[in-house]
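Enquirer: Go by the hints and put chain B onto chain A.
These protein sequence lines are chains A and B, in that order.
First residue of the first sequence: 1, per our numbering; consecutive thereafter.
First residue of the second sequence: 1, per our numbering; consecutive thereafter.
Calculated directly from the structure, the hints in this document are not laboratory data.
Be careful, since some hints might not be right.
Label pairs and their computed distance ranges (CB to CB) [unchecked claim]:
#, chain 1, residue 1, chain 2, residue 2, range
1, A, Arg-110, B, Arg-27, 23 to 29 Å
2, A, Pro-27, B, Arg-25, 19 to 25 Å
3, A, Phe-107, B, Arg-26, 24 to 30 Å
4, A, Ser-103, B, Asp-18, 21 to 27 Å
Using N, Cα and C, we set each Cβ at its ideal position, and we do this for glycine too.
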Amino acid sequence: MADVAATEVVPAGPATAALAFLTEMSPDLRGAAILDPAGVVLAASGEPDRWREDAAALLAAADQAGEERVEQVHIATEQGEVFALRHEGLVALAVTERFALASLMLFDMRSVLRDLASTRRRDESVQMGDEIDPSTPGGGG
Amino acid sequence: MPPKPHRVLLDRVSGYADEAAAFVRRRRISRRPFARLYYREGRSSDHAGDSVAGAELFVAAGRLIEVAGKRPKA
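Just chain A, same shape as in the assembly (with noise of 0.2 Å):
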């Protein structure tokens, strides 16, 4: 079950290709998320109710740890290693075996969640733009 949980993938745009770039770049992983601001799962590999929870309990944990906002979480266990990364309120998470290379992981992740935001900005003003009426002067452009 395990085998197939981490090849599922969460169908959310943007942030499933993001996700099928993440695991395509890195063959230490074992499982990803992208979650957005508000911690909703925009794609995950395996149970996207789950990650939401865990992803949510790393956080917290990390952001207690210390006096403010973490920026990047690298933990190494005996059973695997997990990285965790917030880029303008994203948030992606990576799961790998160990000894991966944490900074080529966190490169791919930094890159990824700079990608989807900024596929996020361009998709926001695109919806901007449509709720003006272009038939009013100036509406247009």
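Expert: This is chain B only, laid out in the frame that chain A set:
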């Protein structure tokens, strides 16, 4: 009689490979679990597993590892 040049080169390359393999082996054996947090200004902090914050982080990480499951066989 001096060794042939290609022998010298091969010995040197295999020497480096042995060094690298030994380094990786030592790293695998000696590396302990850790929880490391990074902040905006480049500051980072380590949390030991026996501290309160560290224990919470390891528990949360363990849950995520469970959710992710095993890596699919290629």
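Enquirer: Does each hint fit the structure? Answer for all of them.
Expert: Status of each hint after checking the structure:
Against the hinted window of 23 to 29 Å, the Cβ-Cβ separation of Arg-110/A and Arg-27/B comes to about 25 Å, which satisfies the hint. Taken as a hint, the range 19 to 25 Å holds for the pair Pro-27/A and Arg-25/B, whose Cβ atoms sit roughly 21 Å apart. For the pair Phe-107/A and Arg-26/B, the supplied restraint of 24 to 30 Å holds, since their beta-carbon distance comes to about 26 Å. Between Ser-103/A and Asp-18/B, the C-beta spacing of about 25 Å keeps the proposed range 21 to 27 Å intact.
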